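2 protein chains.
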Amino acid sequence: MMRTRPLKVALLGCGVVGSEVARIMTTHADDLAARIGAPVELAGVAVRRPSKVREGIDPALVTTDATALVKRGDIDVVVEVIGGIEPARTLITTAFEYGASVVSANKALLAQDGAALHAAAEEHGEDLYYEAAVAGAIPLIRPLRESLAGDKINRVMGIVNGTTNFILDKMDSTGAGYQEALDEATALGYAEADPTADVEGFDAAAKAAILAGIAFHTRVRLDDVYREGMTEVTAADFASAKEMGCTIKLLAICERAADGGSVTARVHPAMIPLTHPLASVRGAYNAVFVESDAAGQLMFYGPGAGGAPTASAVLGDLVAVCRNRLSGATGPGESAYAALPVSPMGDVVTRYHISLDVADKPGVLAQVATVFAEHGVSIDTVRQQGKDGEASLVVVTHRASDASLSGTVEALRKLDTVRGVASIMRVEGE
Amino acid sequence: MMRTRPLKVALLGCGVVGSEVARIMTTHADDLAARIGAPVELAGVAVRRPSKVREGIDPALVTTDATALVKRGDIDVVVEVIGGIEPARTLITTAFEYGASVVSANKALLAQDGAALHAAAEEHGEDLYYEAAVAGAIPLIRPLRESLAGDKINRVMGIVNGTTNFILDKMDSTGAGYQEALDEATALGYAEADPTADVEGFDAAAKAAILAGIAFHTRVRLDDVYREGMTEVTAADFASAKEMGCTIKLLAICERAADGGSVTARVHPAMIPLTHPLASVRGAYNAVFVESDAAGQLMFYGPGAGGAPTASAVLGDLVAVCRNRLSGATGPGESAYAALPVSPMGDVVTRYHISLDVADKPGVLAQVATVFAEHGVSIDTVRQQGKDGEASLVVVTHRASDASLSGTVEALRKLDTVRGVASIMRVEGE
Numbered sequence: 001m002m003r004t005r006p007l008k009v010a011l012l013g014c015g016v017v018g019s020e021v022a023r024i025m026t027t028h029a030d031d032l033a034a035r036i037g038a039p040v041e042l043a044g045v046a047v048r049r050p051s052k053v054r055e056g057i058d059p060a061l062v063t064t065d066a067t068a069l070v071k072r073g074d075i076d077v078v079v080e081v082i083g084g085i086e087p088a089r090t091l092i093t094t095a096f097e098y099g100a101s102v103v104s105a106n107k108a109l110l111a112q113d114g115a116a117l118h119a120a121a122e123e124h125g126e127d128l129y130y131e132a133a134v135a136g137a138i139p140l141i142r143p144l145r146e147s148l149a150g151d152k153i154n155r156v157m158g159i160v161n162g163t164t165n166f167i168l169d170k171m172d173s174t175g176a177g178y179q180e181a182l183d184e185a186t187a188l189g190y191a192e193a194d195p196t197a198d199v200e201g202f203d204a205a206a207k208a209a210i211l212a213g214i215a216f217h218t219r220v221r222l223d224d225v226y227r228e229g230m231t232e233v234t235a236a237d238f239a240s241a242k243e244m245g246c247t248i249k250l251l252a253i254c255e256r257a258a259d260g261g262s263v264t265a266r267v268h269p270a271m272i273p274l275t276h277p278l279a280s281v282r283g284a285y286n287a288v289f290v291e292s293d294a295a296g297q298l299m300f301y302g303p304g305a306g307g308a309p310t311a312s313a314v315l316g317d318l319v320a321v322c323r324n325r326l327s328g329a330t331g332p333g334e335s336a337y338a339a340l341p342v343s344p345m346g347d348v349v350t351r352y353h354i355s356l357d358v359a360d361k362p363g364v365l366a367q368v369a370t371v372f373a374e375h376g377v378s379i380d381t382v383r384q385q386g387k388d389g390e391a392s393l394v395v396v397t398h399r400a401s402d403a404s405l406s407g408t409v410e411a412l413r414k415l416d417t418v419r420g421v422a423s424i425m426r427v428e429g430e
Numbered sequence: 001m002m003r004t005r006p007l008k009v010a011l012l013g014c015g016v017v018g019s020e021v022a023r024i025m026t027t028h029a030d031d032l033a034a035r036i037g038a039p040v041e042l043a044g045v046a047v048r049r050p051s052k053v054r055e056g057i058d059p060a061l062v063t064t065d066a067t068a069l070v071k072r073g074d075i076d077v078v079v080e081v082i083g084g085i086e087p088a089r090t091l092i093t094t095a096f097e098y099g100a101s102v103v104s105a106n107k108a109l110l111a112q113d114g115a116a117l118h119a120a121a122e123e124h125g126e127d128l129y130y131e132a133a134v135a136g137a138i139p140l141i142r143p144l145r146e147s148l149a150g151d152k153i154n155r156v157m158g159i160v161n162g163t164t165n166f167i168l169d170k171m172d173s174t175g176a177g178y179q180e181a182l183d184e185a186t187a188l189g190y191a192e193a194d195p196t197a198d199v200e201g202f203d204a205a206a207k208a209a210i211l212a213g214i215a216f217h218t219r220v221r222l223d224d225v226y227r228e229g230m231t232e233v234t235a236a237d238f239a240s241a242k243e244m245g246c247t248i249k250l251l252a253i254c255e256r257a258a259d260g261g262s263v264t265a266r267v268h269p270a271m272i273p274l275t276h277p278l279a280s281v282r283g284a285y286n287a288v289f290v291e292s293d294a295a296g297q298l299m300f301y302g303p304g305a306g307g308a309p310t311a312s313a314v315l316g317d318l319v320a321v322c323r324n325r326l327s328g329a330t331g332p333g334e335s336a337y338a339a340l341p342v343s344p345m346g347d348v349v350t351r352y353h354i355s356l357d358v359a360d361k362p363g364v365l366a367q368v369a370t371v372f373a374e375h376g377v378s379i380d381t382v383r384q385q386g387k388d389g390e391a392s393l394v395v396v397t398h399r400a401s402d403a404s405l406s407g408t409v410e411a412l413r414k415l416d417t418v419r420g421v422a423s424i425m426r427v428e429g430e
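Quick note, the sequences are listed as chains A and B, same order. The UniProt record's numbering puts the first residue of the first sequence at 1, with every later residue one more than the last. The UniProt record's numbering puts the first residue of the second sequence at 1, with every later residue one more than the last.
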């Protein structure tokens with residue numbers, strides 16, 4: 001059964017992930033060959049700094065000319081682990097034109113240009129696989145796209161950014177503030193020097209766009225994803241969460257509306273009950289909770305980043321693409337037939353936890369409650385605490401639309417007796 | 001892109017799972033057609049009791065002659081949800097001979113005859129898929145076989161039987177004894193009238209054989225799996241587990257030996273730390289923990305049984321098989337190239353929790369400790385409690401081979417001062 005002519009792989013990028021891909025391709029060459037049905041050969045490695053010593057990689061394979069490597073014409077699969085939009089996008093489309101399939105770990109690019117890249121792959125009869133783009137080693141794209149292909153997915157809710165989960169877990173377990181926890185994450189290498197992409201939710205939003213698109217068979221662009229970072233989460237928020245039997249996580253949530261006619265995708269910090277499986281996801285781990293009509297509730301858990309875990313996902317895709325190539329078939333392409341409208345954040349329905357600083361005098365609660373009622377937001381619980389002539393009022397609502405809640409908060413800010421809105425946090429997973 | 005001639009599906013069995021498969025094929029026909037690229041049509045349903053009213057199924061499709069249905073010659077995919085060895089085995093091989101691919105949920109058959117069935121499928125160029133055979137709705141076969149195809153799996157440890165997890169969870173949370181918890185499981189429909197297959201670990205052992213085979217690219221037969229049921233787990237065992245910060249689960253464990261040269265597969269009750277993700281798997285849920293070289297630790301969680309969840313897995317396979325059929329390819333078949341030897345239980349290395357009833361007199365601990373030392377089993381902790389002239393001695397060992405532990409226990413039983421061995425339980429997940 002074994003074909004002797006090897007399949008040729010071009011590796012674009014040889015950083016943390018790329019070097020692991022190269023290492024495993026070498027050390028596990030026999031296993032990969034047995035599982036694919038033909039040997040795979042590393043035919044070239046495109047890098048920015050050719051002088052850097054790369055253990056285990058033949059220097060003759062290293063080039064700075066990624067374009068020439070992709071255009072060689074004898075490449076079967078291009079593995080793109082450069083990241084970012086350009087030159088990755090052009091290299092991938094060039095790969096398709098020159099007869100190669102592509103395995104990518106590039107969430108930003110897939111979230112922004114997934115539809116165009118899928119179209120290019122299909123035009124040239126090539127595969128585009130990207131399991132590593134979402135939640136690192138956790139098999140998620142394939143289960144959603146294939147295992148649940150006969151089911152109707154209603155909700156995907158997950159912790160898809162390890163950096164922010166590390167920070168929030170640290171704040172939760174030690175009572176540290178955001179800056180202190182971020183500093184520790186940076187010192188330990190969990191956060192980059194510029195943590196913006198993580199802490200402001202850009203990274204998670206890209207993953208949410210990809211997951212929503214696959215789950216709902218609908219194109220969801222990065223711009224469709226509501227995004228709120230977690231830099232304003234405070235130790236006081238965690239204290240409030242604890243009082244409610246909750247913790248705080250940065251969640252990516254993709255939902256089908258109750259009537260099934262539209263979908264939403266969003267990233268923001270939220271309180272979730274300690275009894276929810278996502279609450280116990282610690283450190284830099286990722287986990288994604290999926291709810292579907294027939295399967296019910298599923299959860300996928302594992303390391304969401306790191307060189308070796310991401311390489312595991314890349315290599316799983318590489319094996320699949322190579323098998324497809326040998327059998328002359330391609331795997332499932334983009335599935336966007338449902339083409340559901342993506343609703344704005346205002347249409348999202350969930351619960352809210354609102355902390356207000358108010359004057360400590362009679363009638364304030366009545367005033368505040370009236371504002372909620374006028375906006376159609378039903379209150380579940382209220383807790384009032386006095387402190388030095390001021391008081392804090394914590395309101396937890398029943399389910400209401402984000403638009404109604406925003407209107408409520410705007411009106412609350414105009415009340416003389418409301419000194420300030422200390423925090424607003426959504427409550428999920430109940 | 002859409003082909004108009006439908007793919008024809010023969011459904012063998014229309015019980016809890018089969019009726020859900022038929023229902024979803026009808027209610028989600030448009031989605032399935034869009035995802036496959038062609039409509040799928042229920043061409044026939046083989047049942048034992050044709051007179052039973054089956055809502056939503058055209059009575060004209062119902063037949064008692066499963067063989068004739070499979071031999072029709074125009075069937076594309078046979079969905080086998082009868083269970084048991086015969087007639088399922090003959091019907092599946094007949095399906096291949098008559099040009100159909102097969103989706104099966106039959107763990108017993110796959111564990112016993114997987115190799116022969118795969119060979120038959122390959123001989124006729126057909127697919128054999130069986131995601132639903134292990135852990136119901138949880139995508140597990142496909143992630144192991146495809147997502148982790150570029151990685152080296154070292155361990156698969158899971159709760160793969162919902163009935164026993166319900167019973168053990170009940171014992172843990174209420175302090176109930178085995179019989180009381182079993183009675184409740186039966187009353188609630190979680191346990192069958194004859195619970196033997198579940199409580200004696202036969203069901204879990206079949207799943208362990210399937211998982212080990214896929215994880216290690218090695219044929220593992222049902223007979224290769226060490227099996228110990230959970231009928232002898234007592235409330236006292238749970239009390240001991242709690243003192244150690246553990247709970248008790250019936251685990252299926254498939255392991256690669258430390259030297260990589262052999263594998264083991266086993267099912268037995270075991271103590272696991274409360275901090276382990278498997279410890280918090282409640283009720284009838286299933287979860288499987290996977291450890292691999294590159295990906296690290298992954299966990300897959302969800303409903304392990306039930307009509308709709310199992311149907312979700314069956315339909316995911318059905319979509320994949322139909323796609324393969326349209327593209328003229330077949331999916332991954334059996335991968336047993338590694339052909340590693342399966343070692344007996346004696347070679348398994350783990351930790352043990354042993355409760356002994358001993359005479360309450362000086363020198364007993366020294367005697368017992370000597371026996372452990374003579375068999376090369378190192379003791380981690382000992383706890384001695386006196387009660388009315390008798391004493392109980394609880395020993396927790398370091399890692400030792402099962403053979404060494406068995407030898408130790410045999411020798412302990414021969415000591416005059418040891419009145420009895422109250423319980424032996426393995427300790428996992430540390």
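Since the hints were derived computationally from the structure, they do not count as laboratory data. Please read all numbers here as calculations on a predicted model, not as lab measurements. Among the hints, erroneous ones may be present.
The list treats identical chains as one, so a pair stands whether inside a single copy or across any two.
[Stated by the list, open to error] 16 Å max Cα-Cα, derived EDC-like pairs, lysine to aspartate or glutamate:
1. K71 / E180
2. K242 / D357
3. K71 / D357
4. K361 / D172
5. K8 / E228
6. K71 / D380
7. K152 / D31
8. K8 / D194
9. K152 / D30
10. K361 / E232
Query raised in the report: Can you name, in rising order, the numbers of the hints this structure does not satisfy?
Result: 1, 2, 3, 4, 5, 6, 8, 10
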